[in-house]
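Trainee: What follows is each chain in one-letter form.
Number of protein chains: 2
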Amino acid sequence: MADANNVSSSESRGFCLWFTGLSGSGKSTITTHLVKELRKRGSKLEVLDGDVVRENLSKGLGFSKEDRDTNIRRIAFVADLLSRNGVPVITAAISPYREIRDEARELMGDRFIEVFVKASVEVCAERDVKGLYEKAFKGEIKEFTGVSDPYEPPLNPELTLDTEHDSAEEDAQKILTLLEERQLIPAAQPA
Amino acid sequence: MADANNVSSSESRGFCLWFTGLSGSGKSTITTHLVKELRKRGSKLEVLDGDVVRENLSKGLGFSKEDRDTNIRRIAFVADLLSRNGVPVITAAISPYREIRDEARELMGDRFIEVFVKASVEVCAERDVKGLYEKAFKGEIKEFTGVSDPYEPPLNPELTLDTEHDSAEEDAQKILTLLEERQLIPAAQPA
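Chains as they are written, first to last, in my numbering: chain A, 1 to 191; chain B, 1001 to 1191.
Looking at chain A on its own, in the form it has when it is part of the complex:
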């Protein structure tokens, strides 16, 4: 068994947790739990979620396939810059297209950890307090992933999180376990 205690925060290796999943699948909620726990362990960390990136790197881009691809490539470029310098990164954009996620994987090599945040369109729509899915079903929002725009689930993600059945805390714990096994973060201190 890997001795995760060997990993101290000062010698942290970079990695990129690449979340992919529908709007409402749970990417942000799991990220929130995960960030709390990783910070407790003294890990450096940056979160590149869809909104942050659209604001700071991709203003002006829309939701066509081309624009989505450009947006995701920019996220990958920045995630690579950070992770290759030892800074862990969580990306939490929908990133619907397999090909572009695979480009990110190729760019980052074994630093890239794809996490499929899985929930059906129906469950995501039920959770949706902003009513975006309802508008998409009515055709009032065009190019809405999972409704009027494609979502291509990963074929071989490092982790699949079933958010229809697990809580966000449980899912965050699954990720922490994976990171510990790979000796990317120190093990939790006994309470």
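Hints were generated in silico from the structure; no laboratory data involved. Being a predicted model, the structure only gives us computed values, none of them experimental. For glycine and all other residues, C-beta sits at the position ideal for the given N, C-alpha and C. Each hint should be verified, as a subset may be incorrect.
To be verified - BS3-like cross-link-like pairs, simulated, lysine-lysine; straight-line CA separation at most 27 Å:
1) B:1059 - A:142
2) A:65 - A:142
3) B:1059 - A:59
Unchecked claim - Reference listing, derived: stretches of chain B covered by chain A, where coverage requires no fewer than 3 residues with Cβ under 8 Å from a Cβ of chain A:
4) 1027-1039
5) 1074-1081
With chain A held as given, fit chain B onto it using these hints.
Mentor: What follows is chain B alone, placed relative to chain A:
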């Protein structure tokens, strides 16, 4: 006097060397010398030059004031992400507008080190092997900084490099000295 030997590469503090200057002023040449020396000292380092950023973060942007500002803001966003995580960054874009450079300064605080790479339009034009200045003088290239587009020199840069009189090696050394004084890099090992 600062004891720069206290700084080891493993505990490097992040900073952003923000070069600004005309096309042909010497930003890239100085960067090349600097990178070589910094890598020798074991420093992590990322270079965000104009071309890298236009390719990876700003494809589709032009050279209007608005587009230039957007481009520079993206560089600043990424430079901040890196430097706040302890990764030194060199940005080597023209960055002609004072206001946007000052935004970058505000974002990064004392991690931001503005380096004015100074040479007159005439000298830059003489150096220009690609003939860009000639085309700009003839009006064949629009919005060319220093010719048909503004360049606002910094008012209080941390360092001004006079590339009309100093060699690129000398200028790189001036930067290294400043970084040593600020204990941002370890002192050079005696030969």
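Trainee: Taking the hints in turn, state whether each one holds.
Mentor: Here is what the structure says about each hint:
1. B:1059 - A:142: holds (25 Å)
2. A:65 - A:142: With a Cα-Cα distance of about 12 Å, the restraint between residue 65 (chain A) and residue 142 (chain A) holds, given a limit of 27 Å.
3. B:1059 - A:59: Given pair residue 1059 (chain B), residue 59 (chain A) holds - Cα atoms ~12 Å apart, limit 27 Å.
4. 1027-1039: violated (count 0)
5. 1074-1081: It holds, with 4 qualifying residues against the three required.
Checked against the numbered hints above, the structure breaks only hint 4 and satisfies the rest.
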